[in-house]
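Undergrad: Below, each chain spelled out in residue letters.
Protein chains: 2
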Amino acid sequence: MSAEVVPLPRKEPSLAPILSLTATAMNAVNTVILDRMQSEIPLIPALAGHLISGGGKRMRPMLTLAGADLVGYQGTRHHKLAAAVEFIHTATLLHDDVVDGSETRRGKEAANLVFGNPATVLVGDFLFSRAFELMVEDGSLKVLKILAGASSIIAQGEVDQLVSQRVIETSEDRYLHIIGAKTAVLFAAASRIAAVVAERDEAEERALDDYGRNLGIAFQLVDDAIDYDSDAAEMGKDRGDDFREGKMTLPVILAYARGNDEERRFWQEAIAGFRNEDEDLAHAIELIRKHDSVNATRERARHFAERAVDALSIFPDGKARAAMTEAARFAVSRGY
Amino acid sequence: MSAEVVPLPRKEPSLAPILSLTATAMNAVNTVILDRMQSEIPLIPALAGHLISGGGKRMRPMLTLAGADLVGYQGTRHHKLAAAVEFIHTATLLHDDVVDGSETRRGKEAANLVFGNPATVLVGDFLFSRAFELMVEDGSLKVLKILAGASSIIAQGEVDQLVSQRVIETSEDRYLHIIGAKTAVLFAAASRIAAVVAERDEAEERALDDYGRNLGIAFQLVDDAIDYDSDAAEMGKDRGDDFREGKMTLPVILAYARGNDEERRFWQEAIAGFRNEDEDLAHAIELIRKHDSVNATRERARHFAERAVDALSIFPDGKARAAMTEAARFAVSRGY
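Residue numbers (the numbering used here), protein chains in the order written: chain S, 14 to 349; chain F, 14 to 349.
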């Protein structure tokens, strides 16, 4: 027998543990989703289903389910509420696609292209209303308050992003403020309501909220990094969309901040909408690589993911906490 | 002294009594509206204010206020809730204008033209969320249920209307079903919640709901009549919009049903979108006049307005009931 120690191969973080933790409950959530997107108007489930069955990761409802497991919740109220969270998210995606004139979503033709902007706006409204109907059925004013407040902040974040589009002066702090509103607030709310239905104390609510918020920021940072990362997997997102739409995301903000005068002139023209060719995108990616902006963005994401992980420290060790910890680290590593 | 009796001139129904009944409370509602449409993102109050200060009639919140007076409610909870109702209505108007590509609204350039579709969609979402925040602050799950349910039915009614656009086979019953959802449900909910905050019994809730629903149908019928009534006042609506958009409203449904083969061919082509000239609209108005479809539509409206009036019969006589009665009759007479 050899005394040699064979080191375990370094394991890449994976979503597998959180998927397995929440699999049974997610089936129940999916049943609610499919049931409650129905309507006597056939166009509604057709359009909603185009997106909902389009292979979304169900990240946000998964946070509600994992959080419920983490705090030892035994009931089933969180199924409806997790479905409500997914409906709010789906409504914002539908409206986003109209706002951005998206061509693809989750690797498929976007709903606005298949069904037109008018129906897409209205079905978004329907899903949003349905989310509130589900919450009302659950009957917790506290949950309603959390998710109504989150919805209002999301809408403000979306407007804020719209206003900062094509504005080269957008700072990193302002960008973080925007993604904190448009993305992280729903992650935070989805996590927090798990503690609410389980009637845990304020400290546990806040810990789950902090977990979700930081994870959401990490998640969005990596999404925005991937859009400029030519080596990354496709993720169902049109590469270079952000560039062509003149969105000020962190990879651009950092490349601009770190760039010389000539590079800054390029970014000014590009973000203003005068550099729309494939070669312009190629040059943008080159500048971003030169200044290591994708990696820097991922490093920022890692910071928030670790804050998410540490927010869970008030909870006992166990399967749920381990799965949620790994999910946060996966959020940073995906697309590598 | 003469024995001759001078008959009083027949008085046209007017909104004056309900405006006077609700004037003080409406000031409070307007304060809530102005206060709660604020945001740290200046574009939001700018865009919302463009529509909200654009001279809307505040019909729906007025129903909440008048209903509260009718049932003798003494508190102030209905101020926030009436503002929530107006926010839901404003959100649907903003989204409608995007859906229809409207050019004017309330006699002004429509928000979508001034601020663009993206911002208009998102500010609609914001106001919708704000409505739910106001309801959550009030804290009545019953009110939340009524208005969440109403919102979901409105969205379905809007989709239903979209689906029936340019479909000549739309029947009167189907049309009534659509306006029952897209318009009347919010009138019904706005009225009903007055009884809910006053903690009146189910019969009074239902009576106010019936009043609002029938009034809402009458209101929409007359709106749709005015769009083809060349003698009517402008009402801030672009004359002939419904015609150019191929909307199947009752004046068209009746003219088509009552028309001969040649006329039907005209309507088929027009609703399908192949008759967009001013002379086509003139011909449409001529056919509608020939078949008395505007008057027939107004007669249908009168039927629903009288149902609204009779729904109030369980309430004692008094200023509020008289004002609400006259408001229902005004809804039919306006635009003459």
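A few of these clues could be false.
It does not matter which identical chain is used: a pair holds within one copy or between any two.
What the hints assert, rightly or not - List time: in silico DMTMM-like cross-link candidates among lysine to aspartate or glutamate, alpha-carbon distance up to 25 Å:
| id | residue 1 | residue 2 |
| --- | --- | --- |
| 1 | K158 | E258 |
| 2 | K24 | E319 |
| 3 | K158 | E53 |
| 4 | K303 | D186 |
| 5 | K332 | E53 |
| 6 | K332 | E292 |
| 7 | K155 | E258 |
| 8 | K155 | E212 |
| 9 | K158 | E146 |
| 10 | K24 | D214 |
No lab work stands behind these hints: they were computed from the structure.
Undergrad: Checking against the hints above, which ones are violated?
TA: 1, 5, 6, 7 and 10
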